[in-house]
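Participant: In numbering that gives the first Met the number 0, the protein residues as written are 0 to 204.
One should not assume that every hint holds.
[As the list claims (entries may be wrong)] List time: in silico DSS-like cross-link candidates among lysine-lysine, alpha-carbon distance up to 30 Å:
1) LYS78 / LYS144
2) LYS43 / LYS78
3) LYS134 / LYS175
4) LYS177 / LYS144
[As the list claims (entries may be wrong)] Here are the in silico distance ranges between beta carbons for each label pair:
5) TYR158 / ALA191: 45 to 55 Å
6) PRO44 / LYS144: 48 to 58 Å
7) GLN196 / GLN163: 42 to 52 Å
8) ILE173 / LYS134: 39 to 49 Å
9) GLU190 / THR49: 14 to 24 Å
10) LYS177 / GLU65: 15 to 25 Å
11) ILE173 / ASN194: 26 to 36 Å
12) ARG125 / LEU64: 17 to 27 Å
13) VAL146 / GLN196: 35 to 45 Å
14) LYS175 / TYR47: 18 to 28 Å
15) GLY136 / THR161: 35 to 45 Å
16) LYS170 / LYS70: 41 to 51 Å
17) THR49 / GLN163: 27 to 37 Å
No lab work stands behind these hints, which were simulated from the structure alone. Glycine included, every Cβ here is placed at the ideal spot set by N, Cα and C.
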Amino acid sequence: MARDRSPIVKQSRREGVALHPKAHKILARKSGIPGEHAHGRQSKPSMYATQLREKQKVRRMYGLLEKQFAKLMNEATRKPGLSGENLLRFLELRLDNAVYRAGFATSRRQARQLVSHGHFELNGRRVDIPSIRLKAGDVITVRPKSVKSGYFTAIDDIYSNTSQPPLSWLKSDIKKLKIEVSGEPKREEAEAGINEQLIVEYYSR
């Protein structure tokens with residue numbers, strides 16, 4: 000399975016937002032894009048550059064490759080409703096994102112790894128595809144063979160270290176190691192600081 004292996008802290012500096020918990024301290028010390036001559040070549044960005052950076056920021060935030068993201072945007076455009084909001088809804092309903100948002104992982108990268116290694120079941124069946132799109136009524140549980148692993152025996156500490164706000168569409172039960180999808184994400188429940196209209200405009204060129 001293809002993955003973006005570039006350093007997450009470098010990505011965070013390029014997009015100006017912490018894409019991983021360990022990036023917060025780095026961004027506090029180093030501002031601006033990475034690179035030896037980066038500060039000398041900064042100027043007022045064009046509209047295209049602004050749209051591109053927003054697309055790259057959101058794509059990296061949710062951990063998708065370019066082809067995956069473009070395919071999702073294409074589907075969001077064909078679906079009734081606002082294309083940008085459809086896109087954010089699709090991103091939020093990914094299995095790896097739900098695991099992260101429910102507080103079972105400290106980052107989306109970690110959540111994606113947990114899913115890829117087959118630690119979860121969806122509606123009673125083992126799954127290992129992070130991009131699976133969830134729907135209302137779905138139930139995610141930790142696989143019985145994984146419950147006694149070192150990671151999940153310390154899940155209380157992991158959960159307490161995640162600062163996820165409560166979500167109307169997702170219910171997590173850390174004691175039962177269970178996540179329930181009770182509805183669809185609202186626009187205001189997506190990650191803060193996203194301007195989805197810029198992404199729509201980028202793909203509308």
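Participant: State for each hint whether it applies.
Facilitator: Here's how the hints hold up against the structure:
A distance of roughly 39 Å separates the Cα atoms of LYS78 and LYS144; the hinted pair therefore is violated under the 30 Å criterion. About 35 Å separates the Cα atoms of LYS43 and LYS78, which puts this hinted pair outside 30 Å; it is violated. Proximity of LYS134 to LYS175 is assessed by CA-CA distance (about 20 Å); at most 30 Å being required, the pair is judged to hold. Between LYS177 and LYS144 the alpha-carbon distance is near 15 Å, which keeps this suggested pair within the 30 Å criterion.
Separated by about 21 Å at the C-beta atoms, TYR158 and ALA191 break the suggested range of 45 to 55 Å. At roughly 50 Å, the beta carbons of PRO44 and LYS144 sit within the given window of 48 to 58 Å. Under the hint 42 to 52 Å, the C-beta atoms of GLN196 and GLN163, about 26 Å apart, miss the expected range. Checked against the given bound of 39 to 49 Å, the beta carbons of ILE173 and LYS134, roughly 23 Å apart, lie outside it.
At about 18 Å, the beta-carbon gap between GLU190 and THR49 stays in the expected band of 14 to 24 Å. A C-beta distance of roughly 34 Å is found between LYS177 and GLU65, which places it outside the suggested range of 15 to 25 Å. Taking the beta carbon of each, ILE173 and ASN194 are about 33 Å apart, inside 26 to 36 Å as hinted. About 24 Å separates the C-beta atoms of ARG125 and LEU64, a value consistent with the hinted range of 17 to 27 Å.
With their beta carbons about 43 Å apart, VAL146 and GLN196 fall inside the hinted range of 35 to 45 Å. In this structure the hint that LYS175 and TYR47 lie 18 to 28 Å apart at CB is violated, the actual value being about 49 Å. The hinted window of 35 to 45 Å between GLY136 and THR161 is violated, with their beta carbons roughly 24 Å apart. Judged by the Cβ atoms, the range 41 to 51 Å given for LYS170 and LYS70 is violated: they are separated by roughly 29 Å.
Take THR49 and GLN163: their Cβ atoms lie about 29 Å apart, and the range 27 to 37 Å holds.
Against the hints set out earlier in the document, violations occur for numbers 1, 2, 5, 7, 8, 10, 14, 15 and 16.
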